[in-house]
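K.L.:
What follows is each chain in one-letter form.
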Amino acid sequence: MQRALHLLHPPEQGHPSDVLPLIEDILNEMAEAEDWPVTLTMRANLILEELVLNTLTHGDTSGLTEIDLELESENHALTIRLSDDGSAFNPLTDAPVPDVSLPLADRPIGGLGVYLVKTMGEELEYRRENDRNHLKLVVHPE
Amino acid sequence: MEFSHDRSGDTLVVTASGRVDGSNASDFLESLQGMFDPGDQRIILDLGGLEYISSAGLRVLLMAAQNLDRQSKSFSICSLTEAVGDVFRISGFDQIINVFPSVEAAKQG
Chain A
1 MQRALHLLHP
11 PEQGHPSDVL
21 PLIEDILNEM
31 AEAEDWPVTL
41 TMRANLILEE
51 LVLNTLTHGD
61 TSGLTEIDLE
71 LESENHALTI
81 RLSDDGSAFN
91 PLTDAPVPDV
101 SLPLADRPIG
111 GLGVYLVKTM
121 GEELEYRREN
131 DRNHLKLVVH
141 PE
Chain V
1001 MEFSHDRSGD
1011 TLVVTASGRV
1021 DGSNASDFLE
1031 SLQGMFDPGD
1041 QRIILDLGGL
1051 EYISSAGLRV
1061 LLMAAQNLDR
1071 QSKSFSICSL
1081 TEAVGDVFRI
1091 SGFDQIINVF
1101 PSVEAAKQG
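Protein sequences appear in the order of chains A and V. Letter by letter, the first sequence follows residues 1 to 142 of my numbering. Letter by letter, the second sequence follows residues 1001 to 1109 of my numbering.
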C-alpha cells in the first residue's frame, strides 16, 4: 500500500504543527486497512512528527518551500521516504545525540526526538541530491 | 488531551488521555503543573488512556519528573498502553521514572 503527502512552507494556514492531523489520518488509514500492530502506527507517527516538524520549524532559515513524503508498506514494514528543498541537513549526523543512560537529574531535556528516529528506524539513508535532502528509513513494529 | 485528578490525603492521581504531540505539549505541561498542590507528596500519573506520545510529550514528563525530584516528592507513572510503553522503553524513560502496571500498584509502590 502506498500513500503520499505534499507539504508547503510556509504552511498554508497557521502553525507547523497543523500538519500533524494530516500525518495521523494517513497512518490511521493504512493501519486500519492492513491491521498494523499498535507499535508500528505509534513508531511511524512519532518518527514522521519529529522529522517533518524539525524540517518545517527550521524552514525559514533553510529556504524550504516544500516537503514530499512517500509511504510504502508491506507485511507490517513501512518504508518512509522524505525529501525537501531546504539547505543541506543530515539529521542522522548533524543533530546532537543524548545519553539515555544518564540518571533522572542529569538527563537533558532536548535531543530525544532524533535519537528516537535513529533507534526506531532501520536502514537509514541520507543523501543530498539535486539541491534536495533525501531521507529513507524503514519502520518495524518491534 | 483530557485531564482529571483525584486527591486523597497527600496523594494526587492525575489521569491524562488522548494524544500529546508538538501541537499541545505546552498545554500538557501547564495543565499538569496547575494540578500540583504544595501539600502533595506523592504524584501518580495514570496514562492508561494515552493513545500517542511524541518526543514533545516525553520532554514534558521529563521536566515534571525532574521538578518533583528536586522537591523530594514521589512521582510515578502507571497503566501504560502497549504502544506508549514501547516508546518509554526505547527512550530509556522506564529506567529513570517509576512505572507501575496500575494505579493500585503505584499506590503500594
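Hints in this document: simulated from the structure, not taken from any laboratory. We put the CB at the ideal spot given by N, CA and C, even for glycine. Warning: the hint list may mix true and false statements.
Chain A side only, calculated, beta carbon under 8 Å to chain V, not exhaustive [as the list claims (entries may be wrong)]:
id	residue
1	M1
2	T39
3	N45
4	L53
Examples of chain A residues toward chain V, derived with CB under 7 Å [claimed, not checked]:
id	residue
5	L22
6	I23
7	I26
8	M30
9	E34
10	L46
11	S62
12	T93
13	V97
14	L104
15	L112
16	G113
17	L116
K.L.:
Verify the interface restraint on A/M30: the C-beta must sit less than 7 Å from at least one C-beta of chain V.
P.N.:
Violated. Min distance 15 Å.
K.L.:
Interface hint check: A/G113, Cβ to nearest Cβ on chain V, cutoff 7 Å. Holds or violated?
P.N.:
This hint holds: A/G113 lies near chain V, its Cβ roughly 4 Å from the closest one there, short of 7 Å.
K.L.:
Hint validation: A/I23 versus chain V, beta carbon distance must be below 7 Å. Holds or violated?
P.N.:
Violated: closest Cβ of chain V sits about 10 Å from A/I23, beyond 7 Å.
K.L.:
Against chain V, is A/N45 within 8 Å by beta-carbon distance?
P.N.:
Status holds, d = 6 Å.
K.L.:
Any CB of chain V closer than 7 Å to the CB of A/L116?
P.N.:
6 Å, holds
K.L.:
Min Cβ distance, A/T39 to chain V: is it shorter than 8 Å?
P.N.:
5 Å, holds
K.L.:
Can the hint on A/L104 be confirmed by a CB-to-CB distance to chain V that is less than 7 Å?
P.N.:
4 Å, holds
K.L.:
Does the CB of A/I26 sit less than 7 Å away from some CB of chain V?
P.N.:
Check failed: Cβ of A/I26 comes no nearer than 14 Å to chain V, outside 7 Å.
K.L.:
Measuring from the C-beta of A/M1 to each C-beta in chain V, is the shortest one below 8 Å?
P.N.:
At 20 Å from the nearest chain V Cβ, A/M1 fails the 8 Å test, so the hint is violated.
K.L.:
Given A/L46 as an interface hint, is the shortest Cβ-Cβ distance to chain V below 7 Å?
P.N.:
5 Å, holds
K.L.:
Using Cβ atoms only, decide whether A/L22 comes closer than 7 Å to chain V, and label the hint accordingly.
P.N.:
12 Å, violated
K.L.:
May I ask you to test the interface hint for A/E34 with respect to chain V, counting a Cβ-Cβ separation under 7 Å as satisfied?
P.N.:
16 Å, violated
Figure legend: structure checked against the earlier numbered hints; hints not met, in rising order: 1, 5, 6, 7, 8, 9, 11, 12, 13.
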